[in-house]
Amino acid sequence: MNSKLHTVCDSEGRPRTLLLTAVQVSDYTGAAALLSSLPPAKALLADKGHDADRFRDALAERKVVACIPSKLQRKIHIPNDKALYRNRRKLENMFGKLKDWRRIHTRYDRCAHTFMSAIAIVAIVIFWIRSTSPEPSTQAQNPRRAHAL
Numbered sequence: 001m002n003s004k005l006h007t008v009c010d011s012e013g014r015p016r017t018l019l020l021t022a023v024q025v026s027d028y029t030g031a032a033a034l035l036s037s038l039p040p041a042k043a044l045l046a047d048k049g050h051d052a053d054r055f056r057d058a059l060a061e062r063k064v065v066a067c068i069p070s071k072l073q074r075k076i077h078i079p080n081d082k083a084l085y086r087n088r089r090k091l092e093n094m095f096g097k098l099k100d101w102r103r104i105h106t107r108y109d110r111c112a113h114t115f116m117s118a119i120a121i122v123a124i125v126i127f128w129i130r131s132t133s134p135e136p137s138t139q140a141q142n143p144r145r146a147h148a149l
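Be aware that the sequence shown starts at 1, since it is given in our numbering, and climbs by one per residue.
All the given hints hold, so there is nothing to weed out.
Listed below are the simulated DSBU-like cross-link pairs for lysine-lysine, each with C-alpha atoms no more than 30 Å apart in a straight line:
hint : residue 1 : residue 2
1    : K99       : K71
2    : K42       : K99
3    : K82       : K48
4    : K97       : K71
5    : K63       : K48
6    : K4        : K42
7    : K82       : K99
8    : K71       : K4
9    : K82       : K4
No lab work stands behind these hints, which were simulated from the structure alone.
Generate coordinates for the entire structure from the input sequences, incorporating the hints supplied.
As structure tokens, this is what we get:
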């Protein structure tokens with residue numbers, strides 16, 4: 001009944017690959033399943049749930065820098081780039097946009113394949129909106145701010 005969504009996003013927060021697993025599947029197991037579909041990247045940003053030596057080793061084999069905070073119970077903490085990790089907000093914002101859709105947020109669909117199809121449709125919309133929206137620097141400025149110098 002419960003499920004967990006694993007996602008690969010690009011640097012702009014657009015969803016590239018989606019995988020729905022049972023809730024008891026660990027984060028790094030789901031991420032390892034998505035590893036083959038990972039596009040060429042310099043770094044991978046993930047949360048503490050993905051902190052596993054075998055996942056980090058698999059990323060190192062692909063020459064991808066793992067920017068994953070260490071779990072508290074890890075004996076030897078592995079440092080990560082906090083400035084780079086701040087970019088993870090784009091991924092979290094993408095999940096927020098997914099949950100803006102009531103069907104996804106409340107999980108109306110009980111079948112996994114039906115729920116995944118709803119997620120896929122919303123992910124396509126998010127990808128399209130983020131691909132066609134102008135850069136923040138080219139957007140019109142607020143007229144009140146323009147005059148308040």
